[in-house]
Every structure is written in C-alpha cells, then in structure tokens.
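Participant: Residues per chain are reported as follows:
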Amino acid sequence: MWKLLKTNFIIEKTSKKNIFAFLFVALFVFGLAIYMENEDVGNLVIKKTSEFQNLESAVSQFQVMDATKEGGSSEIYQNIVQQKRLVALQRAATNMNRPDMFVDTAIDLAKLRDEAFKLDGYEEVAVYLPTQTQNVLETLFYDHLKELEFPIFTDSLSFYQFLIFLFGILGSVWFVFLALFTSGIMIDDFRHTSLIKGYPIPFDQYVTAKGISTMLIIVVFILELFLCSLPLIYLRGLGDASYPIAVFDGNYEIYSIAQYIGVCLLYMFCIGIFVILLSIILNVLLKNMYLTLFVQLFLYAFPILYPRIISLLPFNPFNYMNFANLLSGKSLDLPHPVELDITFGLLSIVISIVLMGIVIKLFLTTGKLRRV
Amino acid sequence: MWAYFKFELTQFIRNKKNIAVYVILLFLACFYAFEMAPSYKPIERVDAREIESRYLVREAFLSEFRDNPDRFSGMAGFGLAIYPEWNRLEKDRLDALNTGDYIKYSEATSGWYVYSNNFTYNSDFFSYSPGYYSHGNLYAEDDGYYGYLYSASRYKGYAEGKSELSLNVFEERTALQTVQRLLESYLPLILMIGCIFLTVDIVLKDRLNPTILKGFPISDWKKVVVKGFVALIGSIGMVLPLSIGLIFIGINYGFGDFNLPVPIYTLGEDVAIFLKGDFVNIPMGHYLLENFMLIALIFIFLISLILLSSMVIKNEFANLVVGAVFITNEVFYFKRGIGYWHEVELYPTNYVQVGQILSGYRNYIYGSSQLILNNGLIVMGISSLVLVVFIFIISKIKRYKLI
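Those protein sequences? They're chains A and B, same order as listed.
Residues in the first sequence are numbered from 1 upward in steps of one, following the numbering used here.
Residues in the second sequence are numbered from 1 upward in steps of one, following the numbering used here.
If you're looking for bench data, these hints aren't it; they were derived computationally from the structure.
Note that the Cβ used here is the ideal one computed from N, Cα and C, for glycine as well.
Among the hints, a few may not be true.
Taking lysine-lysine pairs in the BS3-like style, the calculated list, with each CA pair at most 25 Å apart, reads [what the hints assert, rightly or not]:
| id | chain 1 | residue 1 | chain 2 | residue 2 |
| --- | --- | --- | --- | --- |
| 1 | B | Lys314 | A | Lys287 |
| 2 | B | Lys41 | A | Lys330 |
| 3 | B | Lys335 | B | Lys276 |
| 4 | A | Lys13 | B | Lys205 |
| 5 | A | Lys16 | B | Lys17 |
| 6 | B | Lys223 | B | Lys6 |
| 7 | A | Lys48 | B | Lys335 |
| 8 | B | Lys156 | B | Lys41 |
| 9 | B | Lys223 | B | Lys17 |
| 10 | B | Lys398 | B | Lys223 |
| 11 | B | Lys398 | B | Lys205 |
| 12 | A | Lys16 | B | Lys396 |
| 13 | B | Lys314 | A | Lys17 |
| 14 | A | Lys287 | B | Lys16 |
Ranges of calculated distance between the beta carbons of each label pair, as one might list FRET restraints [claimed, not checked]:
| id | chain 1 | residue 1 | chain 2 | residue 2 | range |
| --- | --- | --- | --- | --- | --- |
| 15 | A | Thr68 | B | Ser123 | 21 to 29 Å |
| 16 | B | Leu9 | A | Ser256 | 55 to 63 Å |
| 17 | A | Ile10 | B | Arg207 | 17 to 25 Å |
| 18 | A | Ala92 | B | Phe65 | 28 to 36 Å |
| 19 | A | Ile201 | B | Val331 | 41 to 49 Å |
| 20 | A | Thr154 | B | Gly100 | 54 to 62 Å |
| 21 | A | Ser74 | B | Ser243 | 48 to 56 Å |
| 22 | A | Leu5 | B | Leu138 | 47 to 55 Å |
| 23 | B | Leu138 | A | Thr154 | 15 to 23 Å |
| 24 | B | Phe248 | A | Met1 | 52 to 60 Å |
| 25 | B | Asn374 | A | Val45 | 36 to 44 Å |
| 26 | B | Phe248 | A | Val45 | 45 to 53 Å |
Please build the complete structure, drawing on both the sequences and the hints.
Facilitator: Below is the structure:
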C-alpha cells in the first residue's frame with residue numbers, strides 16, 4: 001500500500017492537471033486581493049454613503065412630513081428618518097476618526113432597525129434595509145466590539161481580515177472547484193491501461209490509494225490558499241486573529257477569526273472527501289468525466305434554483321456545501337426560512353460520506369467497480 | 001478532408017458530454033422562461049398610480065404658492081420654477097396612458113426622463129427611481145443617470161412609431177428585448193462557458209483510440225482546422241436550445257420586432273452635460289447582428305486558444321483553466337473609470353461582456369470611448385490570427401505529434 005502511494009505521488013507530482021490546478025488557486029487568491037484593493041472593499045465611508053442613499057430613497061417613498069414624535073407622521077417614517085440621521089453620524093465618525101462614536105451609533109442604529117421590522121408598512125421599504133438576520137448579526141458584533149474594546153477601523157486587506165473575505169468567497173466556489181478537479185478521478189489513469197496493468201496489486205487497494213492521494217492534493221490546495229495570502233502580512237500587516245465575527249451556527253454567536261477559519265477548514269476537508277467519493281461513484285455509473293461533473297453541479301445548483309427544496313429536505317447534504325452562506329445565516333432570509341445548523345450540516349455530510357463508502361465497498365465486492 | 005469533417009461532426013454530435021451541454025442549456029432556457037422571466041421587475045415600470053401620486057403632490061404645492069410667486073425665494077422658488085414643466089410632462093404621460101395612446105405616452109415619457117435627469121443627477125433634493133438604490137449599490141447615482149437617459153432614448157425611438165407598442169414593450173419583456181437584456185448580463189458568459197466545454201476534448205479525445213485515426217491520410221494542420229470548424233458549428237448550434245426558451249417567452253409576452261430601438265451610449269466629440277456621453281438608437285435587428293458577429297469572433301478566438309493549449313499542454317483540465325482565465329481575467333484590472341487612463345480597448349479579455357460592449361455600458365463604466373464594435377473585431381481578429389499562426393507553426397514541426 002505504502003509503495004503504491006509513493007508511486008502515485010510520483011505520478012501526481014508531474015501531472016499537468018495538478019500543476020494547472022495549483023496555478024489556478026494561486027491566481028484566484030491574487031485576483032481576489034487585487035479585486036479588493038481596486039473596489040476598496042471594506043471602506044466604511046463608501047459603505048455608509050451608500051447606506052445613506054438607500055435610506056434617502058426609502059424616505060422618498062413617503063410624503064415629506066414632520067418627523068418628530070408630535071408631528072403626526074407614521075412610525076416607520078419616523079424610524080427611517082432617525083436611521084438616516086444615525087448613518088450620517090457614522091459617516092462623520094469615520095471621517096473624524098472617532099471609533100467610540102461609531103460603535104455607539106451602530107448599536108443605536110441596529111436597535112432602531114430591530115424596531116422597524118415590527119412596524120406597519122415595513123415591506124414597502126424592505127429592499128433599502130438590511131435583512132433581519134443581518135441586523136441581528138450586526139447588533140451582536142457591535143455589542144461585542146464595545147464590550148471588549150476591539151478597534152473598529154481595521155485594514156480589510158491585512159492578513160486575517162483578508163482570510164475572512166477569502167473564505168467567504170470560497171464557500172460558493174469550493175465545491176465547484178473540487179467537482180471540476182476530481183470529476184475524472186477514476187478515468188484519467190485508465191487512458192493508459194498499460195501503465196496500470198503493470199501494477200501487481202488488487203484493484204480495491206488502487207482505488208483507496210487514488211482516493212488518499214487526491215485528498216492529500218486537496219489538503220495542499222488548502223495550504224496554498226494560506227501560502228498565497230502570506231505576502232499580505234508584509235504588505236498590509238498581520239491583523240488580529242481574535243477579532244470577532246458574528247455568525248449563525250444554529251444560534252447567533254460570536255466567533256473569533258481563528259474559530260471561523262477553523263469551522264471553514266473542517267467543512268472544506270469534509271467536502272473534499274465527499275466530492276471524491278461522489279466522483280468515484282458517478283464515474284462508475286456514468287463512465288464519463290464531464291457527465292460526472294454536470295451531475296455534481298446539478299445536484300449542487302438544485303437547492304439554489306429551487307429554494308423551497310431546502311425547507312422540504314433539510315438533511316440534504318447539498319444544502320450545506322456553501323459554508324460561508326451557512327455561517328452568515330442566509331437560509332433564514334429565504335422566502336421559506338429554515339434554520340440550517342452547522343453541526344447538523346457536518347453530520348449530514350459525514351453520514352453521506354459513510355454511506356458512499358459503503359456503496360463503493362459494495363461496488364468492489366460485486367465487481368461493479370472495474371477499470372473503466 | 002470532407003470525409004474527415006463528416007467523421008468529426010458525427011463524433012461531436014454523438015459525444016455524451018456535448019449532448020449534456022445542449023440539454024443543460026435547454027434546461028436553463030426553460031428555467032428562465034418559466035421561473036425567472038415572470039418575476040422580472042424592471043426598475044422603470046409603467047405605473048399610472050406612481051405617476052399620479054407624484055403629479056398630485058407637486059400640484060398641491062403649486063396651487064398653494066402659484067398665486068404669488070415673487071414672495072418666495074430659495075427652495076420654494078426653485079420648486080416654483082421647475083415644477084410646472086415637470087407636471088405638464090407628468091400630466092401628458094398620465095392622460096396618454098389612460099387613453100391608451102402609446103405614441104403620445106412615449107413622447108411625453110422621453111421628455112420626462114431627460115427633464116427629470118437634469119434635476120436629479122448630483123442633486124441633494126431629488127433621487128432616481130428607488131430601484132437603483134437597492135441595498136449595497138455604491139454607484140446608484142451613476143446607474144440612475146444611465147438608466148434615465150437610456151429610457152429617454154428608448155421612448156424617443158418608440159415615439160417614431162416604427163414598431164407595434166404595448167406595455168410589455170415598454171417594460172422590455174418581449175422575447176427579443178429579453179435577449180437584449182440578457183446579452184448585457186450573463187448570456188455571453190454562459191455561451192462562452194458552453195463553447196469551452198464543447199471544445200475542451202475535441203483534440204484530446206483522439207488519444208483514446210489512436211488506431212482509428214491512422215486511417216485518414218490527412219495532415220495534422222488540416223485535422224486541427226477541421227476540428228476547430230466543427231467546434232465552431234457546435235458552439236453556434238447552442239443558439240438552438242436557447243431559442244426554445246425564447247419561444248416560450250414570446251408566447252407569453254410577445255416577440256417584439258427587429259425595428260425596436262436599442263439605445264447605444266456613445267461619448268462623441270460634443271460631450272453632453274455632466275461630462276458624459278449621449279444615447280443614439282439603433283434598430284434591434286442591427287444590434288443583434290452586431291452581437292452575433294462579435295460573439296462568433298470570440299468563439300473563434302476561444303476555440304483557437306483551446307486548440308493551441310490542447311496541442312501544447314495536452315491536458316483537459318488545463319484547457320478548462322486556460323479558458324476560465326480568459327473569461328474571468330477582467331477582475332484583475334477592472335475599476336470604474338479606469339478606461340480614461342488606460343487603453344483597455346486593446347485587451348482581448350475586455351470584450352467578454354459582448355452586450356455591454358455594444359450597448360456602450362462598458363464605455364460608460366470604464367470612462368472610455370473606444371470599446372466599440374470595430375475595435376472589438378480588430379482586436380479579437382488579430383488575436384485569433386496570432387493563435388492560428390502558432391497552431392500552424394506547431395503542427396508543421398516534424399517532431400510534433402497531434403495525439
């Protein structure tokens with residue numbers, strides 16, 4: 001077995017496919033950093049200016065009235081006018097470098113928004129405001145910042161802050177990338193049958209070794225993500241790994257960046273095994289790498305195209321493939337809201353892995369899994 | 001050569017992966033027609049109630065202050081100066097809409113958009129249609145400017161009365177207008193990804209059974225040309241499954257016609273107000289033809305790129321990466337307004353968003369004036385030619401083998 005793995009590595013090391021995959025991952029990370037720099041992601045002044053514009057147009061939905069308590073205007077109108085004032089104050093606080101003022105205002109603003117959800121006529125202005133989940137997460141975040149006195153103005157391109165953004169994007173592309181990468185797992189080698197025939201080893205061992213070596217390459221991809229972000233330490237500083245980030249993991253919680261990345265890595269690792277096994281099964285059934293890829297992508301896209309499916313089948317592992325959306329509680333804002341719990345998701349993926357393992361074992365014993 | 005062409009074409013059509021690509025496109029087209037097209041909410045709606053409420057508010061203001069205009073200065077004076085004309089246009093729109101006179105409605109609406117835009121852009125007192133300010137849009141004001149003048153030009157075209165008008169035409173829901181809208185968003189990307197998937201294995205599939213191919217007494221260069229040609233036919237064939245979705249949309253919302261105006265943003269010699277360009281209408285048929293030309297040329301470029309990479313790298317995954325890098329490369333340098341300083345029109349990767357290039361939207365957000373059809377054809381043509389020359393040289397090298 002060990003010998004086989006070693007041979008496998010020698011093959012994988014020179015495989016053009018792997019070289020190009022590594023190149024692609026590196027390009028992805030650098031591209032993302034450049035994009036963030038260009039678009040000035042995380043610039044609070046720009047963010048608050050756009051928020052102000054949004055509120056402005058929310059206000060324009062109403063007749064102009066006296067917005068004081070005695071003015072006789074509707075409550076939602078008063079609420080939005082006050083929100084507008086606070087956002088303007090936040091923008092000023094950013095410009096004048098007054099983090100304490102910014103945080104206090106942010107907490108007041110979140111409270112106001114929380115009240116707004118219950119008021120009559122909220123639906124009319126809902127598009128201009130953050131969703132309820134976003135608001136709860138924001139409240140939690142700023143409360144925590146104030147309590148533990150974290151700095152509010154951070155460089156979003158410092159190492160740890162960038163990783164948050166990187167893993168946020170990875171949530172939606174990780175599965176797709178792995179599906180692409182592993183779609184030919186049982187097919188590639190059999191293009192040169194003579195090469196495989198040279199191995200005097202049982203076929204099930206070959207399958208295991210191939211699975212393990214592919215998984216190790218995926219681990220190298222993960223390491224590469226960190227490696228390619230390292231230059232940012234030199235360019236923009238390290239940032240703070242204990243900086244808080246508000247997430248939904250079944251409950252609303254505060255994670256540190258390190259914790260957040262830990263959960264993401266766990267998911268990425270499990271998704272890696274999941275995709276490899278799925279690819280093996282689909283390769284056997286379909287005998288074509290592109291059909292394998294398309295079926296995988298279809299399974300992934302189906303709950304996205306028909307969100308109703310998520311609430312009907314909450315145990316479907318494909319609901320949990322986008323871990324970044326999971327952690328930001330996106331499923332709570334769907335037309336049919338559903339609480340997707342990250343522990344439950346991990347469980348669902350692990351159970352699927354076990355089931356698929358059994359299926360493959362079955363394939364091997366019944367002789368269904370043969371050299372394609 | 002003809003026999004080889006037929007052989008390649010049958011292989012291409014029978015390829016399971018290619019069939020899957022067409023089936024997926026058919027699914028996407030039907031999904032769009034039945035799920036997404038009905039829920040499309042244009043920002044610029046035709047809504048009599050909305051017009052009326054604006055009209056009544058201003059009318060109330062005017063009736064209070066009209067009798068003695070000299071007494072009021074500042075904001076009230078400003079209102080008194082601009083509201084009467086604004087309300088006249090508003091009233092014309094409302095009356096035309098209530099009587100069903102679409103030509104008159106178009107005339108008044110066109111004027112209304114120009115007039116509104118003059119007072120809304122860079123204004124502290126007025127804002128564009130709320131749809132532009134959805135949560136998180138940093139460039140709402142610029143998008144509003146573009147949207148208003150685009151609509152103004154569009155309605156000016158309708159008022160000429162060359163095509164049959166309806167509310168669906170006004171809200172750009174008809175089949176042809178849907179194609180136009182999609183060409184300006186993600187349709188080009190889908191077509192190019194499809195093209196990559198159709199071409200990705202066209203050379204490398206021969207490695208599976210090399211003995212069959214030895215029967216064809218034909219040089220490598222000719223083989224590659226035939227393969228490229230087959231891939232091009234296949235890529236253009238993607239129009240077929242997509243047009244089925246189009247027929248469904250047409251049945252529900254009408255097909256539209258080839259004379260419908262399509263506003264094109266141009267930054268000409270005489271710059272309009274706010275240092276921005278202006279819109280000129282061209283007929284829908286003309287616009288679609290332009291799109292087809294540029295997309296076909298980009299197909300040729302992509303196919304040559306993948307053929308070259310198939311010959312040099314000989315790995316299907318590498319082909320996908322090369323294609324993906326071409327399509328997504330724009331994020332590496334894209335920044336609003338950057339076209340003013342950099343000659344972005346020289347990069348082949350800049351022409352991926354075909355519809356946005358031809359409608360001038362890319363010019364608008366890049367702050368350029370050179371992202372036009374001619375430059376696109378020249379740049380993509382020369383790039384394709386360079387790739388083809390490379391393919392030719394490589395295939396003529398004695399040591400080189402195609403498979």
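Participant: All hints are to be evaluated individually against the structure, with a verdict given for each.
Facilitator: These are the hints, each one checked on the structure:
no., hint, in the structure
1, Lys314(B) / Lys287(A), "holds, 21 Å"
2, Lys41(B) / Lys330(A), "holds, 22 Å"
3, Lys335(B) / Lys276(B), "holds, 18 Å"
4, Lys13(A) / Lys205(B), "holds, 23 Å"
5, Lys16(A) / Lys17(B), "holds, 22 Å"
6, Lys223(B) / Lys6(B), "holds, 12 Å"
7, Lys48(A) / Lys335(B), "holds, 20 Å"
8, Lys156(B) / Lys41(B), "holds, 22 Å"
9, Lys223(B) / Lys17(B), "holds, 21 Å"
10, Lys398(B) / Lys223(B), "holds, 15 Å"
11, Lys398(B) / Lys205(B), "holds, 22 Å"
12, Lys16(A) / Lys396(B), "holds, 24 Å"
13, Lys314(B) / Lys17(A), "holds, 10 Å"
14, Lys287(A) / Lys16(B), "holds, 10 Å"
15, Thr68(A) / Ser123(B): 21 to 29 Å, "holds, 26 Å"
16, Leu9(B) / Ser256(A): 55 to 63 Å, "holds, 59 Å"
17, Ile10(A) / Arg207(B): 17 to 25 Å, "holds, 21 Å"
18, Ala92(A) / Phe65(B): 28 to 36 Å, "holds, 34 Å"
19, Ile201(A) / Val331(B): 41 to 49 Å, "holds, 45 Å"
20, Thr154(A) / Gly100(B): 54 to 62 Å, "holds, 58 Å"
21, Ser74(A) / Ser243(B): 48 to 56 Å, "holds, 49 Å"
22, Leu5(A) / Leu138(B): 47 to 55 Å, "holds, 51 Å"
23, Leu138(B) / Thr154(A): 15 to 23 Å, "holds, 20 Å"
24, Phe248(B) / Met1(A): 52 to 60 Å, "holds, 56 Å"
25, Asn374(B) / Val45(A): 36 to 44 Å, "holds, 40 Å"
26, Phe248(B) / Val45(A): 45 to 53 Å, "holds, 46 Å"
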